[in-house]
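**Student:** With the sequences and hints as input, model every part of the structure.
Following full-length UniProt numbering, the numbering of the sequence shown begins with 1 at its first residue and continues without gaps.
Any given hint might turn out to be false.
[What the hints assert, rightly or not] Subject to a maximum C-alpha distance of 27 Å in a straight line, what follows is the list of computed DSS-like cross-link-like pairs (lysine-lysine): (1) K367 to K377; (2) K207 to K287; (3) K441 to K207; (4) K207 to K24; (5) K24 to K287; (6) K441 to K24; (7) K207 to K437.
[What the hints assert, rightly or not] Restraint-style ranges between C-beta atoms, simulated for each label pair: (8) I225 to D22: 28 to 36 Å; (9) R145 to T259: 47 to 55 Å; (10) V290 to E469: 30 to 38 Å; (11) A50 to V439: 44 to 52 Å; (12) I225 to E338: 34 to 42 Å; (13) L364 to R145: 30 to 38 Å; (14) I58 to L364: 43 to 51 Å; (15) V439 to F61: 43 to 51 Å; (16) N473 to G177: 18 to 26 Å; (17) D324 to P135: 21 to 29 Å.
Note that these hints are calculated values from the structure, not bench results. By construction, the Cβ of each residue, glycine as well, lies at the ideal position given by its N, Cα and C atoms.
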Amino acid sequence: MAQAPSPGPLVDSCEDERPRWDSKFQYLLSCIGFAVGLGNIWRFPYLCRAHQGGAFLIPYFIALVFEGIPLFHIELAIGQRLRRGSIGVWTAICPYLGGVGLGCFTVNLLVSLYYNTVLVWVLWYFLNSFQYPLPWSSCPLDLNRTGLVGECQGSSPVSYFWHRQTLNITADIEDSGTLQWRLVMCSAACWAVLYLCVSRGIETTGKAIYFTALFPYLVLTIFLIRGLTLPGAIEGLMYLFTPDMRILQNPRVWLDAATQIFFSLSLAFGGHIALASYNPPRNNCKKDAVTIALVNSLTSLYASITIFSVMGFKATNDYQQCLDSNILSLINEFDFPEQSIPRDDYPAVLMRLNTTQPDRVARLRLKACCLKDFLNKSASGPGLAFIVFTEAILHMPGAPGWAVLFFGMLFTLGLSSMFGNMEGIITPLLDVGVLPKGVPKEALTGLACLASFLLATCFTLQSGSYWLEIFDNFAASLNLIIFAFLEVVGVIYVYGMRRSSSLLGRRSSTQAGCASSACSCLSCPCCGSQLSHWPSCWPSTGRGRTHNQTPA
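**Tutor:** Dropping the structure here:
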């Protein structure tokens with residue numbers, strides 16, 4: 001009978017032929033590209049603003065240390081030690097946990113479908129940025145070409161271009177509408193570009209990642225330099241980082257911080273397991289986990305500074321336009337000379353007129369102009385990228401050039417994240433042998449991209465944005481948290497604390513591995529007593545399965 005296994009490598013001899021990264025830097029860039037995505041640009045800045053940035057950073061970094069890095073370390077460790085995708089890893093740890101890998105694979109597939117749809121929208125805006133003036137800078141003419149479209153005049157050119165000329169959205173989800181062929185063509189282009197980059201696995205993505213992972217940092221730096229020179233940038237940054245420590249009493253702040261860390265690092269998708277499986281088994285994954293997690297969080301902070309320097313400029317510009325509109329109304333009503341009321345003197349003039357002629361002032365229906373109110377008009381998700389920031393670009397000299405840079409950055413950010421998503425899909429399929437060994441990997445990748453393209457056509461309907469919102473809210477959020485919980489349970493309790501110490505701290509000392517395991521246990525402090533009756537897949541004494549045996 002087989003003896004109890006030692007904490008040695010759990011890899012089959014045939015796994016020695018598995019491809020490897022050309023360099024450690026290439027691997028780190030791939031993981032950073034997968035982790036750093038669109039959420040770093042449009043979700044983290046919104047949370048900082050909503051929760052008084054300086055105070056929000058406290059629970060954010062606490063969650064990073066006690067939640068993000070331990071879970072991230074687990075995924076990198078099991079991936080590189082077992083050298084398999086998500087399904088193969090959890091089946092190897094315990095056949096009962098094979099469903100965890102299958103669940104991660106399924107969620108990853110669903111997320112890839114709608115995440116790539118966001119890239120479709122980005123590509124559409126990118127292609128339309130090569131125009132002067134930009135198509136969302138003014139309202140289009142009506143069908144008779146005798147005036148402007150009424151719907152656009154009732155909202156704004158930016159909002160009209162997004163809702164009508166991009167999405168052509170229906171009134172509700174019950175009205176599916178028709179396929180938007182411009183989006184279908186952009187979707188085909190996105191999946192084609194993605195296929196070219198991932199067709200041969202890390203051999204091709206490892207080359208493309210040098211551009212897709214580094215180019216966004218270049219563009220962010222350019223925008224930061226330009227943003228800091230714009231009027232209102234300081235006001236935007238002060239509003240972002242002015243702390244209010246009382247906000248820490250709100251449990252919602254801590255929940256949002258923990259959730260942001262979880263999704264920002266792309267935990268429980270299976271992509272990091274797949275990427276780490278191409279590492280040597282004795283690679284220092286603990287150091288990699290800390291490095292990648294810190295880079296990801298600092299990138300979010302860096303992006304927030306860039307975004308809000310530009311948002312401060314937009315708010316200041318809108319505030320000045322509001323003042324100018326009110327000043328013009330006062331000049332016309334009271335027959336003042338033109339340019340006789342400077343912006344700085346407007347509050348005093350308005351107060352004097354309210355005292356002397358309140359009835360005439362009340363008839364004007366002046367707007368309430370407050371800089372803080374304009375700073376509050378920020379958004380998250382697509383609203384930030386396609387409406388708020390897009391409108392801010394219109395106020396910048398050379399707007400088309402800035403639009404090309406901005407949407408080019410978003411496209412490369414999303415593309416590098418899709419590299420990790422596709423690896424999380426293709427690698428498990430290869431490990432379980434979906435196709436015969438004689439079929440090349442390029443064929444499997446092509447079939448996966450083609451099937452994904454066909455499945456994602458529902459998002460190019462006029463009601464597609466409604467479906468995307470449903471997928472975003474229900475396909476991943478709770479499921480990923482459950483799978484991450486099961487990952488901790490599987491590694492620490494089912495696989496065993498002693499084996500986990502070796503698994504997590506192979507390169508470093510046993511004490512360091514145990515420390516990592518202890519941090520991981522903090523993620524589910526109550527599950528030990530509940531699982532004390534769970535049978536170990538490989539008992540420490542007696543009969544058990546050897547590590548080199550392939551699970552049934």
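**Student:** Holds or violated: 21 to 29 Å for the Cβ distance of D324 and P135?
**Tutor:** Between D324 and P135, where Cβ atoms are some 26 Å apart, the hint holds.
**Student:** Under the criterion that the straight-line Cα-Cα distance not exceed 27 Å, is the pair K367, K377 satisfied?
**Tutor:** holds, 16 Å
**Student:** Honestly, do I225 and E338 meet the 34 to 42 Å range at C-beta?
**Tutor:** Given range 34 to 42 Å: holds, Cβ gap about 37 Å.
**Student:** Is it true that I58 and L364 lie within 43 to 51 Å of each other by Cβ?
**Tutor:** holds, 46 Å
**Student:** Please verify whether K207 and K24 have alpha carbons no more than 27 Å apart.
**Tutor:** holds, 13 Å
**Student:** So if I understand the rule, the pair passes when the alpha-carbon distance is 27 Å or less; does K441 with K207 pass?
**Tutor:** Status holds; Cα separation ~17 Å.
**Student:** For the range 30 to 38 Å, tell me whether the beta carbons of V290 and E469 fit it or not.
**Tutor:** Holds, at about 35 Å.
**Student:** Does the Cβ distance between I225 and D22 fall inside 28 to 36 Å?
**Tutor:** Roughly 33 Å apart at Cβ, these two residues keep to the hinted range, so it holds.
**Student:** Quick one, are K24 and K287 close enough, alpha carbons at most 27 Å?
**Tutor:** holds, 12 Å
**Student:** Just to be sure I understand the hint, the distance between the Cβ atoms of R145 and T259 should be within 47 to 55 Å; is that true here?
**Tutor:** holds, 49 Å
**Student:** A range of 44 to 52 Å was offered for this pair. Does it hold for the Cβ distance of A50 and V439?
**Tutor:** holds, 49 Å
**Student:** Is 18 to 26 Å right for how far apart the beta carbons of N473 and G177 are?
**Tutor:** holds, 21 Å
Checked against the numbered hints given earlier, the structure satisfies every one of them.
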